[in-house]
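J.: Going by full-length UniProt numbering, 207 is the number at position 207 of the sequence shown; the sequence numbering is gapless.
This list has only true hints and no planted wrong ones.
Within a straight-line C-alpha distance of at most 25 Å, the following computed DMTMM-like cross-link-like pairs (lysine to aspartate or glutamate) qualify:
1) K37 to E57
2) K37 to E56
3) K37 to D62
4) K125 to E230
5) K43 to D62
6) K43 to E56
7) K125 to D52
8) K263 to D218
9) K144 to D169
10) K144 to D176
11) K37 to E190
12) K144 to E251
13) K125 to D148
14) K229 to D169
15) K263 to E251
16) K37 to D52
17) K229 to E57
18) K144 to D52
19) K43 to E57
20) K229 to D148
21) K229 to D176
22) K144 to D232
23) K229 to E267
24) K229 to D254
25) K263 to E230
26) K229 to E259
27) K125 to E190
28) K43 to E190
29) K125 to D232
30) K229 to D271
31) K144 to E126
No lab work stands behind these hints, which were simulated from the structure alone.
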Amino acid sequence: MDKSSHPKNEIERLRRRLDEVDHRILALLNRRMEIAKQIGERKRREAQLIFDPIREEAVIADLIQRNPGSLSEQGIRAIFQEIFSSSRAQQGLLRIGCCCGAAGLLVAQQRFGTSDGYRRIRSAKEGGRLLQSGTIDVLILPKKKLLDLSSFERRTDNARLLSVCGEIDPPRTLADHPMVRSGFYMVQREAEPPQPQEDSKGRKAVFLVGGCSQGAIDQWRDRFGTPWKETDARLETEGAPGKGLFVRLWEAFDPPPLEILWKGCREICGDSAWIVRLGAYPLSVVE
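Work the whole structure out from these sequences, hints included.
T.: Encoded structure:
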């Protein structure tokens with residue numbers, strides 16, 4: 001039997017080929033880090049934020065579409081989220097605040113990677129203060145806690161200090177957790193985050209709606225369609241007693257322009273009603 005055809009020798013030969021591929025991957029990754037560092041220098045000069053979730057999602061979506069081999073969509077996402085984390089570290093440490101204890105920390109680390117900085121936050125209000133002061137760059141909190149942010153109050157001038165820039169689905173291990181099973185929001189400090197391209201495959205927007213009764217909400221859904229999901233609701237503290245008016249947190253898929261929603265809000269709910277868009281982002285390409 002030819003020694004070169006021995007199974008053990010064949011495995012060693014294939015492993016050497018893997019080593020060659022790994023060396024090329026390492027060289028390309030270091031080249032990517034250098035380019036990321038140059039981008040970071042320009043971002044600092046232009047006072048831009050390190051984290052750009054719209055850009056990252058677009059890159060991953062493009063890679064999944066171009067994928068010619070057997071690498072799964074989940075695999076592509078996991079690999080490149082870690083690459084993005086290392087790239088951000090070249091630009092400066094991304095400081096991430098995590099609400100909801102160990103659950104929030106676990107979700108954040110799975111979404112961002114190991115090269116970012118993490119900090120546990122005791123409450124949504126504390127996270128909002130740290131964002132506004134620049135102590136953290138991104139806040140991760142359960143969707144059910146978003147209305148606890150002090151800056152998300154009755155504001156209709158779009159001059160908010162914080163914006164929702166994305167969401168994270170909870171892992172299966174947390175599927176039964178009562179606070180986090182509906183998922184997490186990512187919140188940044190800026191007046192309005194970069195909007196998804198109009199021709200993107202799907203967009204989700206988060207809205208704050210106030211001054212509407214339940215009957216008016218039903219009319220709203222009849223006019224604008226059914227892809228409106230209420231994730232939280234609180235009784236308005238400024239409303240007249242007994243009216244049963246709520247501040248509602250809504251998610252909408254590919255919603256109409258805000259001007260159309262404003263007009264519909266007033267026509268359906270009355271002049272005292274209001275609606276604010278808290279952020280918009282592309283839908284994840286991985287379910």
